[in-house]
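In case it helps, the numbering used here puts the sequence shown at residues 439 to 721.
Be aware that a few hints might be false.
[Stated by the list, open to error] Taking CB as the label site, the calculated pair distances span:
(1) His588 to Val514: 17 to 27 angstroms
(2) Asp620 to Glu687: 45 to 55 angstroms
(3) Met439 to Ile567: 33 to 43 angstroms
Hints were generated in silico from the structure; no laboratory data involved.
Every value quoted in this text rests on a predicted model; they were computed, and no experiment measured them.
The beta carbon of each residue, even a glycine, is placed where N, CA and C say it ideally should be.
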Amino acid sequence: MQPNFLSIGAAKCATSTISALIGQHPDVFMVSKEVSFFSDDEIYAKGFDWYESLFDNAGGVKMRGEGSNRYTMKEVFPNAVSRIISYTTDLKLIYIVRNPIARIASHWIEKRSHGGEDVHYDFNKAVRINREWLVDSSNYWQQINVFRSHFSDERIHIIFYEDFKTDQGTVMRRCFEFLNVDPDVPLVEPNIHLNPSTGKQVPINFLSRLRSYSLYRYGVEIIPKPWRDPLRKRFLFKEVKGRPQWSLEAREWVADVLETDTRRFLEYYGKPKDFWKLRDVGY
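All chains should be built: construct the whole structure from the sequences, respecting the hints.
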């Protein structure tokens, strides 16, 4: 059984929460975990039969979907969109976005909390060194235009994180209207909040430096496996209690990179040009 809608990102824009809320609708089946089928080569190699088996339990519901934030990271996963198009264009797409400055900070925390090896431990250096993950994926106009070349605007629904935060009910009703299911169905758990950045644990900077040495890997191997995770959490990781601090130079550079794209995206989707303040230190 094939899906007929996809949630395509972006990362750290309440995508996990919104996907879970969509899945609560009785006429919608949503794969519970991020599949990344079209983006990740190893998963894509499992084939379409494996992918479609994920929807075997959908029953007779009207809408079947899955979501991956990696579908709108074309610089990191350049084959994702072409694979989706080759598979089918008979899809509806949901794209969730957020102030890029806030999204970048949350995405860095997320990547660091998964072990930290994918992104630089210094946030203000990471925005340049890991630009493809953090900054380029915040060029929402560029990302969605790759899809718009093959999907009509009627098949694309944009959700702004800021709207969801202030009026969740209206945002979800509009989303269900887009999916052509009853928009007034009460949700079982309307107040869930999944995968927040606050409270995650990230490696201390010393650990990030130490990982580059072979002695570190040897030391890890001699520690009994049952002890590794408790020791890691207690001594080598720290809890995230706030956003990383932007340097003025990094903030201005990112704003310069994103400004034109952000303005075009906001204008096209009906938001005032100052809806997101890229240079406002309050973010």
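Hint-by-hint comparison with the structure:
A hinted range of 17 to 27 angstroms for the beta carbons of His588 and Val514 is consistent with their spacing of about 20 angstroms. Separation of Asp620 from Glu687 is about 51 angstroms and conforms to the stated range, judged on CB atoms against 45 to 55 angstroms. Look at Met439 against Ile567: about 42 angstroms separates their beta carbons, and that is inside 33 to 43 angstroms.
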